[in-house]
Structure formats: C-alpha cells, structure tokens
Amino acid sequence: MDKLYADLNFPASYAGINALQRELKGKPEKKELEDFKLRNRTYQLYRSRYYKFKRLKTMCTSWMTDFQADLADFQKLSRQNKVCRTTGLKPNDINEKNAQQVWEKVYGHPEEPAAPKFKVGDHVRIALKKSVFDRGYLNNYTDEIFQIVTVQRTNPPTYVVRHENGDIVKGKIYEKQLIKTIKNTETTYRVERVIRQKRQDGKKHYYVKFMGFPNPQWITEDDFV
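Going by full-length UniProt numbering, the first residue of the sequence shown is number 1, and it counts up by one from there.
Since the hints were derived computationally from the structure, they do not count as laboratory data. What you are looking at is a predicted structure, and each value in this text was computed from that prediction instead of being measured. Hints should not be assumed to be uniformly reliable.
[Said to hold, decoys possible] Now the in silico label distances, taken between C-beta atoms and shown as ranges:
#1 Val149 <-> Asn9: 40 to 48 Å
#2 Ala114 <-> Gly171: 14 to 22 Å
#3 Asp222 <-> Ala115: 38 to 46 Å
#4 Lys170 <-> Glu34: 29 to 37 Å
#5 Lys170 <-> Tyr14: 30 to 38 Å
#6 Glu112 <-> Asp2: 37 to 45 Å
[What the hints assert, rightly or not] In silico BS3-like cross-links for lysine-lysine, where the CA-CA straight-line distance does not exceed 27 Å:
#7 Lys130 <-> Lys57
#8 Lys176 <-> Lys52
#9 Lys105 <-> Lys82
#10 Lys170 <-> Lys180
#11 Lys119 <-> Lys180
#12 Lys130 <-> Lys172
#13 Lys57 <-> Lys117
#14 Lys183 <-> Lys129
#15 Lys183 <-> Lys172
#16 Lys57 <-> Lys90
#17 Lys57 <-> Lys119
Cβ coordinates follow ideal geometry from the N, Cα and C atoms, glycine included.
Make the full structure from the sequences, and use the hints.
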C-alpha cells in the first residue's frame, strides 16, 4: 500500500481515503485504509489542517482584565449606546446592579461538552502554525509524535500532551489541532542533520537532530533505514 500510495502513475497517489477506495474498487475496505492513514507519515504531515474552529469562551472577571483590542477607535464609541445582541442591553446601561444578571445571560447556560475524540495514551501530531507566506509544500503537522496525558472536558474539548522525552507541552491544545497517529517499532523519523559520530563497542553511534524535534540524541547505525 505504501509503494502504491507513492507511485505518481497511480491516479490516487497522495490522495485522501475516499479517492484511494474509489480507485481500488472498494478493496481493501475503508477500515483498512483508515489504519493505513494512521501510520503513513506522508499522509499525516501534509493533510489539510483546520484554521477556523470553535474555541473556548473568554470570560472577563472585572473591568479591563481582558482587553481584546490593539487600539480603541474613538470615532466609533457610539456603539456603546447600541443594543448588544448578546446581552440585549446597551453597554452603557450595564452597571453594578444588573452585572450579575448580564453575566448569567451570557455564561449561565453552558452547552453540554462534546464527547472527546481522543483518550489518554493516544499518540498524536500537532498542527503547525503557518503564516500566509509559508510554502504550501511544507508539512502541516509535526514530525514529532506526542502523547495525550490529560483530557479536559471543556467545550470544545482540550488536551494536555507531552513530548517523547516526557516533558509536558505548555498550554491546552484544541481537538481540531490534533491528528491521531500510530507509534510502534516500525515508526520512522526524518533526520535533519548528523552532528557528530563515534565508535563504541565496535559499533558506530551518531548524534543526530531529527526534523521537528527540540533536542538531538544518540542513535546507533542499526537505527538508520
């Protein structure tokens, strides 16, 4: 399957699961193709990523604690006298007397959190942050494989993940920023550069920097494929 997927003469080379199943006339079954996409690095690194998705609500606890504008346009302050569709009141009409009522209207009826897609122990890749000037042929997801250590029942669900060396990644990660993958003895990583080498116990050892990994590490010549 891997050779066929990389064959440029195959009509569905480097395509999605539906295109593969269509060209293969339904064989293998979609479940087998789903397993294939979980272990195929090319498919995972370059699949489309989400840019717009639901995020957590921002809750302001008091005045000016969360100012969400770089500059205030004083020519448009008339909006303070227009009814807000969320609160049903004019901003200038909100005061200490009705602040609790407004808060309950905006935040007092939380939606039921959706069931999380991933579970603790799953291996995932994280979507890379790309600017409008980044080349389209660059991968959309990390080379490094992370592991989920905490599932937070927020709405939408968020996750805490850790590096392969055990270090926890700071912050929460949204579900739409993750893609599930399979990590086993057949998992390979791309080498960015070989920093130095040595011979120990009759075997060559290489100090290499893997693409997308923060720190270099020692591997033996048997680890190369």
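Quick rundown of the hints versus the structure:
1. Val149 <-> Asn9: 40 to 48 Å: The hinted range 40 to 48 Å holds for Val149 and Asn9, with Cβ atoms some 43 Å apart.
2. Ala114 <-> Gly171: 14 to 22 Å: Holds - the Cβ-Cβ distance for Ala114 and Gly171, about 20 Å, lies within 14 to 22 Å.
3. Asp222 <-> Ala115: 38 to 46 Å: 43 Å, holds
4. Lys170 <-> Glu34: 29 to 37 Å: 32 Å, holds
5. Lys170 <-> Tyr14: 30 to 38 Å: At 34 Å between Cβs, range holds.
6. Glu112 <-> Asp2: 37 to 45 Å: This hint holds: roughly 41 Å between Cβ atoms.
7. Lys130 <-> Lys57: Roughly 24 Å between the alpha carbons, so the hint for Lys130 and Lys57 holds.
8. Lys176 <-> Lys52: 9 Å, holds
9. Lys105 <-> Lys82: 18 Å, holds
10. Lys170 <-> Lys180: Holds - the C-alpha atoms of Lys180 and Lys170 are around 20 Å apart, at most 27 Å.
11. Lys119 <-> Lys180: 10 Å, holds
12. Lys130 <-> Lys172: The given pair, whose Cα atoms are some 19 Å apart, holds under the 27 Å limit.
13. Lys57 <-> Lys117: 20 Å, holds
14. Lys183 <-> Lys129: Status holds; Cα separation ~23 Å.
15. Lys183 <-> Lys172: 22 Å, holds
16. Lys57 <-> Lys90: Distance of about 21 Å is within 27 Å: holds.
17. Lys57 <-> Lys119: At roughly 23 Å apart (the allowed maximum being 27 Å), Lys119 and Lys57 satisfy the hint.
Every hint, counting from the list given before, is met by this structure.
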